[in-house]
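Engineer: Kindly produce the complete structure, drawing on both the sequences and the hints.
Using the working numbering, the letters of the sequence shown correspond one by one to residues 210 to 364.
It is worth saying that the hints were derived from the structure and are not from the lab.
Be careful, since some hints might not be right.
To be verified - Heads up, simulated DSS-like pairs for lysine-lysine below, C-alpha to C-alpha not over 30 angstroms straight-line:
no.	residue 1	residue 2
1	281	248
2	236	285
3	285	357
4	281	236
5	236	357
6	357	281
7	248	236
8	285	248
9	248	357
Remember, it's a predicted structure, so these values are computed and weren't measured experimentally.
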Amino acid sequence: MKSTLKKAGYNKVQKQVHDVFLQFTAKVVFFIIILFAFKLFFAGHYTPGGGFVGGLLAAAAIILLLIAFDQKTVEKVIPIDFRLLIAVGLAFAAVLPTLSFFFGTPFFTHQHTYVNVPVFGEVALHSAVIFDIGVFLTVAGSALLMIKLIAEEDA
210 MKSTLKKAGY
220 NKVQKQVHDV
230 FLQFTAKVVF
240 FIIILFAFKL
250 FFAGHYTPGG
260 GFVGGLLAAA
270 AIILLLIAFD
280 QKTVEKVIPI
290 DFRLLIAVGL
300 AFAAVLPTLS
310 FFFGTPFFTH
320 QHTYVNVPVF
330 GEVALHSAVI
340 FDIGVFLTVA
350 GSALLMIKLI
360 AEEDA
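Structural biologist: Printed below as a string of structure tokens:
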């Protein structure tokens, strides 16, 4: 009876069922983690969070997809060069404090203003958000590049 099940591909069918369940769950959980990463990113100025934690969570969401799917599939869906992501993040994080330095303010002095947005009302705009975007991109790109390089080394 075992040989009949093996000929019928029983092991392959079982593996495929588990992969489908993992892939479906990963797709749903991916969006939940990404939304929570952005929530932490935007709440970082008033509560714990910010670019570092948001970037780590965004990287963890993509790593979850890498666990559920293969690397080629994830690269098709999210075609991002992680080295470029790190470079753009470092540019954001370095240029903003340097610009404030050139205008005669201390290096990490940030500026803020308030803008009236029709639906939301008065919204605070702070230059530290641009710095946090740089931290977010740098941390996410670094974590994903490390995981990608480790995965390629094992293959």
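Engineer: Is it true that the CA of residue 285 sits at most 30 angstroms from the CA of residue 248?
Structural biologist: holds, 26 angstroms
Engineer: Mind checking the alpha carbons of residue 285 and residue 357 for me, to see if they're no more than 30 angstroms apart?
Structural biologist: With a Cα-Cα distance of about 15 angstroms, the restraint between residue 285 and residue 357 holds, given a limit of 30 angstroms.
Engineer: Quickly compare the C-alpha distance for residue 248 and residue 236 to 30 angstroms and report which way the hint goes.
Structural biologist: The hint holds at about 19 angstroms.
Engineer: Given the hint that residue 357 pairs with residue 281, does the C-alpha gap stay at or below 30 angstroms?
Structural biologist: holds, 11 angstroms
Engineer: Run the distance test for residue 236 versus residue 285: straight-line Cα separation, threshold 30 angstroms.
Structural biologist: holds, 15 angstroms
Engineer: Check the hint pairing residue 236 with residue 357 against an upper bound of 30 angstroms on the C-alpha distance.
Structural biologist: holds, 19 angstroms
Engineer: Mind checking the alpha carbons of residue 281 and residue 248 for me, to see if they're no more than 30 angstroms apart?
Structural biologist: holds, 29 angstroms
Engineer: Are the Cα positions of residue 248 and residue 357 separated by 30 angstroms at most?
Structural biologist: holds, 26 angstroms
Engineer: Quick one, are residue 281 and residue 236 close enough, alpha carbons at most 30 angstroms?
Structural biologist: holds, 16 angstroms
Of the numbered hints given earlier, the model fails none.
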